[in-house]
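A.B. asks: Sequence:
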Amino acid sequence: MTGTDAPIDRVFLELGPLTIYWYGIIIAVGAVLAVYLATREAERVGLGKETIMDFIIFAVPIAIISARIYYVIFEFEQYANGPLWKMIAVWEGGIAIHGAIIGGVLTAIVFTKVKKISFWRLADVIAPSLILGQAIGRWGNFVNQEAHGGPISEAAYESFHQYLPDFIMNQMVIDGVMYHPTFLYESVWNFLIFFGLLFFRRINPKRGMVFLMYAVTYSIGRFYIEGLRTDSLYVIGELRTAQVVSILTIVAGVIMMLYLIKTSNVRYLDVPAKKKQAKPSNKNKGKKKKKKK
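Okay, so the sequence shown: first residue is 1 according to full-length UniProt numbering, each after it adds one.
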């Protein structure tokens, strides 16, 4: 079980002192496609693409910051004795998708309060785009040879992995050892969720259900895949942070689903009623119009 070709170079392009990595290109492609999809859907359901663009202006930087904070909190030991600036050195690696999601959700809560629109309405529109961006983004981990699992056994290779494309398995050979392509497992799972959400919203479910379905299904897959990874963040001992967060998300998501099913009558495609125009003042009511002389 050894690679037949050299691994893919992490560098996409070098222009003098400027180095552009494949990871950044892949993340950018995922982000552009996600924004395009969200703005189109926002127009279709009457939310307006301007709302999505305004939200993204705030959500993207906050999500990046929160993703880094999340990572540093659970890997604090490696930063405790080093220079403080290392904590913000995102270019050296170290962000967590759960941190980004938490930051994005908190931003959405504040944003919708300020804009006086439904949080669930915005979240439902963005959910498919979010999981699409995650599905594409995992291929950045593939190029970097990171977020992989443990070594593949001979039996596992013979029964399944030998049928995967050579370029994938070649990239999973690191220092002569072939590892589980957990990036691929999660990417495939996320693509399945993406297409599932596109179908699910066509049946016009109750508002909030698309986003909650995203949160629950993603967490189910992440819980199992996280158990295979070798680069997990840990809470205490061998307790993996992502698995704990996934369990909490699944429980909270299912409870919220049941609550919406019982209490809400608003559906995904329902358009908020427009405010009634102000009625004319009654001050002059009853006064006769003066006749023109």
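Keep in mind the hints are simulated off the structure, nothing from the lab.
Errors might be hidden in some of the hints.
[As the list claims (entries may be wrong)] List of simulated lysine-lysine pairs, DSS-like, C-alpha gap at most 30 Å:
no.: 1; residue 1: 262; residue 2: 115
no.: 2; residue 1: 49; residue 2: 113
no.: 3; residue 1: 116; residue 2: 206
no.: 4; residue 1: 113; residue 2: 206
Treat the numbers as computed from the prediction; the structure is a model and nothing was measured.
A.B. asks: Now tell me, hint by hint, if it's right for this structure.
C.D. replies: Hints and how they fare:
1. 262 - 115: holds (27 Å)
2. 49 - 113: holds (18 Å)
3. 116 - 206: Cα-Cα ~20 Å, so holds.
4. 113 - 206: holds (20 Å)
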